[in-house]
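Asker: Residue strings, one per chain:
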Amino acid sequence: MKKGKIIVTITIGIMCFILTALIFMQVKTISQTDISELEIMRESELKTEITSLKTRYDETIAKIEETNEKILEYEASALEGKEASELLQQELKETDDLLGKNSVTGEGIIITLANSGTNKVYAEDLLELVNLLKNAGAEAISINEQRIVYDSYIVDLAGNYITVNGERIVSPFTVKAIGNTSYLESAVAQKNYGYIDTQTAEGKQVALSREASITIAAHNKSLEFEYVREGE
Amino acid sequence: MVVIAILVGCILGAIIGVNGPVISYTYSGYLAIAIIAALDSVFGGITSVLKGNFDIKIFISGFFGNAVLSILLTWLGVKLNVDIYLAAIVVFVGRMFTNLAIIRRYYIDKWSDYIKNKKTTAEKNKTKTNE
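Chains A and B supply the protein sequences, listed in that same order.
With my numbering applied, the first sequence covers 5 to 236.
With my numbering applied, the second sequence covers 6 to 136.
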């Protein structure tokens with residue numbers, strides 16, 4: 005046998021070997037990856053699915069944007085409502101201040117009245133003082149932390165106690181008044197005929213002090229009408 | 006001798022292929038195109054043997070070169086999103102059919118010649134015996 009023929013034979017044998025090995029490997033691969041082949045077969049379906057999902061996604065995005073816009077609108081209107089309610093709140097606060105429903109601070113005077121032996125302080129004395137202070141422009145007055153408001157009353161109860169706003173109070177009486185300190189002081193501190201001098205002359209203990217900042221507590225009773233109706 | 010080599014190669018290849026590793030599905034497409042190219046080369050080789058112009062260098066270079074080239078083209082097609090492997094399959098399978106046709110004609114011719122020769126020899130023998 006010629007040398008060339010042997011080489012050709014061996015070469016062809018090797019090539020056949022390679023070819024058959026490749027073919028069998030490929031067949032094996034294909035048969036073993038049956039699932040992925042199924043997936044490949046459903047590729048068009050998957051594509052359709054993806055397209056529809058994409059459409060739905062876009063729609064959802066559009067919806068979200070729409071909703072966001074609506075939310076913004078609502079927020080804007082809510083803000084407007086908030087402004088209105090803030091205004092109302094402000095008004096309400098002012099009214100409450102005027103009615104004495106809030107505790108207040110400011111410059112003013114503190115007058116302390118106290119019984120001295122048999123010389124007692126009566127309700128009239130306190131009423132007179134309150135009137136004087138109001139006349140002098142007091143904006144907020146309290147007696148022993150009882151705020152004097154529009155329906156406050158000061159009465160003697162059984163001769164022993166004084167009632168303010170229905171609360172029993174006893175000596176010493178601390179009268180706080182917020183207002184122009186000079187006016188307030190001059191209203192009660194005239195020489196000889198003034199309130200303090202008169203009371204002192206009657207034998208009661210009276211003290212006056214000017215304060216840069218006094219705090220007067222809020223009226224703690226309810227302010228309600230029971231019989232009054234709104235007029236026509 | 007050549008037939009024995011082919012048989013031994015095929016059997017060994019089958020054994021190795023069955024027991025060999027599984028190629029990832031992603032690359033099985035490339036392998037398939039390589040197989041088609043190699044098969045085309047084989048049929049081309051057989052045709053050239055029959056025609057008598059067989060060259061082992063051309064055969065080997067075609068066997069491996071076509072396989073590698075087809076793999077490269079398929080890869081390029083994947084990169085360019087064009088199914089170039091379809092063109093390779095069309096070319097290779099078309100050539101395979103052409104070669105098969107040539108082989109078929111060759112053997113049919115040979116067979117019909119053989120029958121003709123048999124007939125003529127039989128007639129000759131007949132005439133000889135008659136004489």
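A couple of the hints might just be wrong.
[Stated by the list, open to error] Mimicking DSSO-like on lysine-lysine, the simulated pairs with C-alpha atoms at most 27 Å apart in a straight line are:
{"no.": "1", "chain 1": "A", "residue 1": "138", "chain 2": "A", "residue 2": "74"}
{"no.": "2", "chain 1": "A", "residue 1": "105", "chain 2": "A", "residue 2": "225"}
{"no.": "3", "chain 1": "A", "residue 1": "74", "chain 2": "A", "residue 2": "86"}
{"no.": "4", "chain 1": "B", "residue 1": "62", "chain 2": "A", "residue 2": "7"}
{"no.": "5", "chain 1": "B", "residue 1": "56", "chain 2": "A", "residue 2": "9"}
{"no.": "6", "chain 1": "B", "residue 1": "129", "chain 2": "B", "residue 2": "56"}
{"no.": "7", "chain 1": "A", "residue 1": "97", "chain 2": "A", "residue 2": "86"}
{"no.": "8", "chain 1": "B", "residue 1": "115", "chain 2": "B", "residue 2": "129"}
{"no.": "9", "chain 1": "B", "residue 1": "131", "chain 2": "B", "residue 2": "121"}
{"no.": "10", "chain 1": "A", "residue 1": "51", "chain 2": "B", "residue 2": "84"}
{"no.": "11", "chain 1": "B", "residue 1": "133", "chain 2": "A", "residue 2": "7"}
{"no.": "12", "chain 1": "B", "residue 1": "62", "chain 2": "A", "residue 2": "6"}
{"no.": "13", "chain 1": "B", "residue 1": "124", "chain 2": "A", "residue 2": "9"}
{"no.": "14", "chain 1": "B", "residue 1": "56", "chain 2": "B", "residue 2": "115"}
{"no.": "15", "chain 1": "A", "residue 1": "138", "chain 2": "A", "residue 2": "124"}
{"no.": "16", "chain 1": "B", "residue 1": "133", "chain 2": "B", "residue 2": "56"}
{"no.": "17", "chain 1": "B", "residue 1": "84", "chain 2": "B", "residue 2": "62"}
{"no.": "18", "chain 1": "A", "residue 1": "105", "chain 2": "A", "residue 2": "86"}
{"no.": "19", "chain 1": "A", "residue 1": "32", "chain 2": "A", "residue 2": "58"}
{"no.": "20", "chain 1": "A", "residue 1": "51", "chain 2": "A", "residue 2": "67"}
{"no.": "21", "chain 1": "A", "residue 1": "32", "chain 2": "A", "residue 2": "124"}
{"no.": "22", "chain 1": "B", "residue 1": "131", "chain 2": "A", "residue 2": "6"}
{"no.": "23", "chain 1": "B", "residue 1": "133", "chain 2": "B", "residue 2": "121"}
{"no.": "24", "chain 1": "A", "residue 1": "9", "chain 2": "B", "residue 2": "121"}
{"no.": "25", "chain 1": "B", "residue 1": "129", "chain 2": "A", "residue 2": "58"}
{"no.": "26", "chain 1": "A", "residue 1": "225", "chain 2": "A", "residue 2": "97"}
{"no.": "27", "chain 1": "A", "residue 1": "105", "chain 2": "A", "residue 2": "138"}
The set of hints was computed from the structure by calculation and includes no laboratory data.
Asker: Does each hint fit the structure? Answer for all of them.
Answerer: The hints, checked one at a time:
1. 138(A) to 74(A): Distance ~55 Å between residue 138(A) and residue 74(A) Cα, so the pair is violated.
2. 105(A) to 225(A): OK: residue 105(A) and residue 225(A) at ~9 Å, within 27 Å.
3. 74(A) to 86(A): 18 Å, holds
4. 62(B) to 7(A): OK: residue 62(B) and residue 7(A) at ~15 Å, within 27 Å.
5. 56(B) to 9(A): Holds: residue 56(B) and residue 9(A) sit about 17 Å apart, inside 27 Å.
6. 129(B) to 56(B): Answer violated: residue 129(B) to residue 56(B) is near 31 Å, above 27 Å.
7. 97(A) to 86(A): 16 Å, holds
8. 115(B) to 129(B): Roughly 21 Å separates the two Cα atoms, so the pair holds.
9. 131(B) to 121(B): 15 Å, holds
10. 51(A) to 84(B): Distance ~20 Å between residue 51(A) and residue 84(B) Cα, so the pair holds.
11. 133(B) to 7(A): Distance ~45 Å between residue 133(B) and residue 7(A) Cα, so the pair is violated.
12. 62(B) to 6(A): Holds: residue 62(B) and residue 6(A) sit about 17 Å apart, inside 27 Å.
13. 124(B) to 9(A): Not OK: residue 124(B) and residue 9(A) at ~35 Å, beyond 27 Å, violated.
14. 56(B) to 115(B): Roughly 13 Å between the alpha carbons, so the hint for residue 56(B) and residue 115(B) holds.
15. 138(A) to 124(A): 23 Å, holds
16. 133(B) to 56(B): 36 Å, violated
17. 84(B) to 62(B): 32 Å, violated
18. 105(A) to 86(A): 24 Å, holds
19. 32(A) to 58(A): Answer violated: residue 32(A) to residue 58(A) is near 37 Å, above 27 Å.
20. 51(A) to 67(A): Cα-Cα ~24 Å, so holds.
21. 32(A) to 124(A): 120 Å, violated
22. 131(B) to 6(A): 42 Å, violated
23. 133(B) to 121(B): 18 Å, holds
24. 9(A) to 121(B): 32 Å, violated
25. 129(B) to 58(A): 85 Å, violated
26. 225(A) to 97(A): 17 Å, holds
27. 105(A) to 138(A): 18 Å, holds
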